[in-house]
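Below, each chain spelled out in residue letters.
Number of protein chains: 2
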Amino acid sequence: MDNETLAALSATEAARLIREGKLRSEELVQASLERCRAVDPQVQAWAFLDEDYALSQARAADAWKGEGRPIGALHGVPVGIKDIIDTADLPTEHGTVVHKGRTPSRDAAVVSMLRAAGAVIMGKTITTELATYAPGKTRNPHNPEHTPGGSSSGSAAAVAAGMVPLAVGTQTNGSVIRPAAYCGVYGFKPTYGLIPRHGILKQSPALDQVGVFARTIDDVALICEQVVGYHEGDSATRPRARIPFCAVAAEEPPITPMIGFIKGPAWERATDETKAALAELVDLLGDRGEEVELISTSADTLDWHRTIMESEIAANYVYEWEKGRRRLSKSLRGQIERGRKITAFDYQQALVRIPPLVESLAELLYTRYDALLTPAAAGTAPEGLESTGDPAFCTIWTLCGMPALNLPLMRGANGLPLGVQLVGPRDGDARLLRTARWLTAQAAAG
Amino acid sequence: MDNETLAALSATEAARLIREGKLRSEELVQASLERCRAVDPQVQAWAFLDEDYALSQARAADAWKGEGRPIGALHGVPVGIKDIIDTADLPTEHGTVVHKGRTPSRDAAVVSMLRAAGAVIMGKTITTELATYAPGKTRNPHNPEHTPGGSSSGSAAAVAAGMVPLAVGTQTNGSVIRPAAYCGVYGFKPTYGLIPRHGILKQSPALDQVGVFARTIDDVALICEQVVGYHEGDSATRPRARIPFCAVAAEEPPITPMIGFIKGPAWERATDETKAALAELVDLLGDRGEEVELISTSADTLDWHRTIMESEIAANYVYEWEKGRRRLSKSLRGQIERGRKITAFDYQQALVRIPPLVESLAELLYTRYDALLTPAAAGTAPEGLESTGDPAFCTIWTLCGMPALNLPLMRGANGLPLGVQLVGPRDGDARLLRTARWLTAQAAAG
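Residue numbers (the numbering used here), protein chains in the order written: chain A, 1 to 446; chain B, 1 to 446.
Hints are supplied without guarantee of correctness; some may be wrong.
One copy or any two copies: either way a pair holds, since identical chains are not told apart in the list.
Unchecked claim - Quick list of in silico lysine-lysine cross-link-like pairs, DSBU-like style, CA-CA up to 30 Å:
1. K330 with K275
2. K65 with K323
3. K22 with K323
4. K263 with K341
5. K65 with K330
6. K263 with K22
7. K263 with K137
8. K323 with K202
9. K341 with K330
The set of hints was computed from the structure by calculation and includes no laboratory data. Since we're looking at a predicted model, the values are computed, not measured.
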């Protein structure tokens, strides 16, 4: 296979070829690096990429396999890691000059789990400033004049541009789904607490969630199966049975799914193109799709989310505020300043809204729908690099900690990807991937 | 046995006699009611006590046993329940006129667990106003001119006065340990999250903890073994293996315990009598006791605790504030007013102090001491009924969610009980009871 074909392989295919001895990790990583050399000067997805270091891991993986030792599900497959996730052997600078040169001595839990599965830690991907709004240098791989979205900008762009088949990101508002939608890849943010956050920048612990990027649903399932688990350093995680993501995602749904089309609290901000695309998709579903209205208070969810996020950012970015506030962006300074003024009363009042909302949405999903269909973003990636776009279409699902997946099903008139978002009930993660595969097949047939 | 002897039985003895068919629950409850008639006009421990209802449960327990059915560990034994803990068939008025006539339709988790163990729910015991500072009508059984302590005033007094062998209370600051010390009974507040709080008035979820009162350590172990467990309605609880409280509490310590005497952040408020009593006890321990100093910031724990408690009271007593603030005490209004002004920033900063403090205390306990010995209160129960005394000797242990036990080992010059507090590491609850038994034996021998 030539380098282009290798770099375009899915993680599932690449891992299979390596397992079967038909491909060496070194060849695969070499092809990925070649792809980086070709496209990254324009895309700029990487905060740190050390070719020798990536290749040395690949060679070690090949040697390990050559000795006949047992290998993990991602053996020899390169993965990109958002630069707010600690790596023991690469810098982790959180997208801010305040942390310039920061080199943690330990891997985050999710990185340890990926290494245990045999993955090659390819490099660190660009994040916005401290995973908030001020953009990094990354550009949209489909058009460099457009934003890739954020805050997991580099992870989405690296996967979209074929530089790695898999990447890890995080979402506190819309930081996985939005860049996935803008860049045209699958982006999956599982249920709150499923992937441990130990060793990841704490922004807003009530909202921070780890997610993944891939180019196929199988690949989403494959990486999720490796990184879900309990970690004593993350009180949101729970000991739980292993979730068979790959097996469930590959199944046919036992009965034809029913999809609830939900406009959500940000619908008025959607472009006409987005509104029409969703309508078309619902139309295609026939009697397996119908519109549902969210409860009347759903517009308030944007306020509750902001109250929680800004309160927690203020409390968690104390070091950054005290040591380097002049080097923070104006937008982040504003968030912290507002956050410092919020009362504990309003903060707690916002937090207690979450469980009843989760319950009412769970009821909706368990009684009638397999998943909810809603826009992933207002439209295609906006032009310009000074903003990473509007996360409002993700807010309520992040607030509720529900699993959400961007499906790169469509394109806008400008040729840029137009994603749709599929949302499931908490802990219905694997089934959501199964429903997503079914929906993708419907869309392809339609 | 005459009524006086019956009412003085420990729960362990009473349960054994009932199990062996040597005593009927009806006789036992009748004796308890007789004791109530004799002493409660003065003590006033009960918010609700319905003789017929208590006797009907006792008769049902006797009938059940008469049919040869399996019985629980507390079969036929009367238990008092603090009036902030919901009971399906008795009012639960939270110690405030704002909730006058409130009759929940469901039992709190802890009440369900007691019923499952066969206990007779004797009645509801007096709490201070909404489990905060304004006293209820209860008086100290040892001297009616002195406070019984609070907020679990009636539970402590009812057990001390021999009206029931067991009672349940709660502690958000010093509401189990302090009344137990003032009334001269064992009061045990297990590790945060051990006893489920579902169905109990929410005051300050980060601090609220359920505790028990008894006249022997065996009885503390017996009731704890029935009420520890996971409940999905209390996110602080965890699925866990059953803790063999009775077996562990009954064991001899495998090696002679080492006790750390710790003055704690409130030491300066202790009376000379308390200071001397503690010194005497430490002296008695010889080389099995030594003084340890708390970390220098421990004085701040009183502030952190107040910040958390007042913030959470403000957020949880919204109904009481909005519907009846004029009917709340001045002290509670003050707490709520202050709580509403605290920033989310200060609240979170206080919350994040807890885990490192817990860790440093755990380290101390695991490396050198079986338990920490410290005053339970400043001194004996203060004269007067307008205050329930100072909880400051309990604050740091409540904040850290560590198991704490009042040992009614001594008396003051005024003849009132003078308790000492024994504190263990989180999840070291059963071992703490074992150490307490050893310490009690040392004190008796010395």
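Handout entry: Index of numbered hints that the structure contradicts, given in increasing order
Key = 1, 2, 3, 4, 5, 6 and 7
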